[in-house]
Amino acid sequence: WHTGYPDAPAKIDLSSYREIPWEPGTALFIADFEYTDGTPYPACPRQLCKTVLKRADDMGYKVKSAFEYEFFLFDETPHTIREKNYENLTPFTPGMFGYSVLRNSVHSELYHDFIDTCREMDMELEGIHTETGPGVLEACISVDIGLAPADKAALFKTFSKVLAQRWDLMATFMAKWSPDFPGQSGHLHQSLWNKDGSSAFYDDTKKHNMSDTFRHYLAGQISLLPEVLPMIAPTINSYTRMIKGYWAPTHANWGLDNRTCAIRVIPGNEKSHR
Numbered sequence: 001w002h003t004g005y006p007d008a009p010a011k012i013d014l015s016s017y018r019e020i021p022w023e024p025g026t027a028l029f030i031a032d033f034e035y036t037d038g039t040p041y042p043a044c045p046r047q048l049c050k051t052v053l054k055r056a057d058d059m060g061y062k063v064k065s066a067f068e069y070e071f072f073l074f075d076e077t078p079h080t081i082r083e084k085n086y087e088n089l090t091p092f093t094p095g096m097f098g099y100s101v102l103r104n105s106v107h108s109e110l111y112h113d114f115i116d117t118c119r120e121m122d123m124e125l126e127g128i129h130t131e132t133g134p135g136v137l138e139a140c141i142s143v144d145i146g147l148a149p150a151d152k153a154a155l156f157k158t159f160s161k162v163l164a165q166r167w168d169l170m171a172t173f174m175a176k177w178s179p180d181f182p183g184q185s186g187h188l189h190q191s192l193w194n195k196d197g198s199s200a201f202y203d204d205t206k207k208h209n210m211s212d213t214f215r216h217y218l219a220g221q222i223s224l225l226p227e228v229l230p231m232i233a234p235t236i237n238s239y240t241r242m243i244k245g246y247w248a249p250t251h252a253n254w255g256l257d258n259r260t261c262a263i264r265v266i267p268g269n270e271k272s273h274r
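Residue numbers (our numbering): 1 to 274.
Since the hints were made in silico from the structure, they are not lab data.
From the three backbone atoms N, C-alpha and C, an ideal C-beta is built for every residue, glycine too.
Misleading hints may appear alongside valid ones.
Listed next, the in silico BS3-like pairs over lysine-lysine satisfying Cα-Cα at most 30 Å (straight line) [as the list claims (entries may be wrong)]:
(1) K62 / K195
(2) K207 / K62
(3) K62 / K206
Just the calculated beta-carbon pair ranges, DEER-fashion [to be verified]:
(4) R55 / P94: 44 to 52 Å
(5) S223 / K271: 26 to 34 Å
(6) K207 / G38: 44 to 52 Å
(7) T80 / L229: 44 to 52 Å
(8) E34 / D58: 17 to 25 Å
(9) H251 / Y41: 29 to 37 Å
(10) G268 / P24: 41 to 49 Å
(11) D58 / N237: 32 to 40 Å
(12) G127 / L229: 24 to 32 Å
Let the sequences and hints guide you as you build the complete structure.
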C-alpha cells in the first residue's frame, strides 16, 4: 500500500506459446516479472523456480516432476452457486466411487474433452478418473523436466475451471469444501537425474533401491516441511483438511508406498523410482 501498487514489468517467455482451443487466433504466453534493469523479481514464483533449477543443474542434476490434482465438480453455475449462498451444492455425480469405470464411461465426452484440451495446450494428461467423493476427479499431468511441469500445473488449474464452465459445471480446488467428505489435494512427483541420463534416486544395492542421494533429498524435505507448510497449505481452509483418518498428513514423516504420510516414496524400476 505504501508504494501505491505500481505496475510491474513482465518479460514474455516466447517458448511458452500456446493456443486456446476455443478461442481461434488467440495466443497464450507466460511471463516472468522482473525489474526494469532485467534483474529477476524475488517474489515471482517462476523466477524462484528457475533459481532452484539452476542450483540443481550446478550440482549435476536434472529435475523431473509431475503434478496430480484432485478437484470437485458441481452441477452449478456462477449464478446458482451464489443464489444458494455456497450451501447445499449439487455435485456432478453422487456417491463415493473412486476409480469408477461406470462414471468414466457414462461421461466419456467430458473426460475426452479434458484429455483433448490438455493435449492441445501442451499440458498432456497421463490420465483422468473419478476419486473418492461425490463429483471428485483426479487428473495426472504427464511427467516433464525443469520448469515445464510448474507451468503446466498452473495452466491446468485455470483452464480446467474454464472447461468445466463450458459444460455448465463448476470446479473447485478447495482443500475441503464440506466436513462431510474427505478433502482433496495435489501430489507432486519428483526425481533427480544425473546428466548421463541415469536416475540419481535409484540404487539396486541399497534397501528399497533408495540411493544415498534419494535419502538425503528426502531428509531435507522432512526437516523443512514446517517452513514450507505455509506454501503447501496457504489458506485457512487448507488446515480443515489435515485431520487424522481423512487421507491427509498430520506429521512430517515419510513412508514406503504409504498414502497416510506427508511424503510417499513410490518404489519401482530406475525409470519410475520417485
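Each hint tested on the structure:
Of the pairs offered as hints, the one joining K62 and K195 holds, with about 7 Å between alpha carbons and a cut-off of 30 Å not exceeded. Between the alpha carbons of K207 and K62 the distance comes to roughly 24 Å, so the proposed pair stays at or under 30 Å and holds. The hinted pair formed by K62 and K206 meets the criterion: a straight-line CA distance of about 22 Å does not exceed 30 Å. Separated by about 48 Å at the C-beta atoms, R55 and P94 satisfy the suggested range of 44 to 52 Å.
Checked against the hint of 26 to 34 Å, the pair S223 and K271 passes, with Cβ atoms roughly 28 Å apart. The hinted window of 44 to 52 Å between K207 and G38 holds, with their beta carbons roughly 48 Å apart. Checked against the hint of 44 to 52 Å, the pair T80 and L229 fails, with Cβ atoms roughly 35 Å apart. At about 21 Å, the beta-carbon gap between E34 and D58 stays in the expected band of 17 to 25 Å.
Between H251 and Y41 the C-beta distance comes to about 35 Å, which sits within the given range of 29 to 37 Å. Checked against the hint of 41 to 49 Å, the C-beta distance between G268 and P24 comes to roughly 42 Å, which is consistent with it. For the pair D58 and N237, the supplied restraint of 32 to 40 Å holds, since their beta-carbon distance comes to about 38 Å. Hint check: G127 to L229, Cβ distance near 29 Å, so the stated range 24 to 32 Å holds.
Of the numbered hints listed earlier, the single one contradicted by the structure is hint 7.
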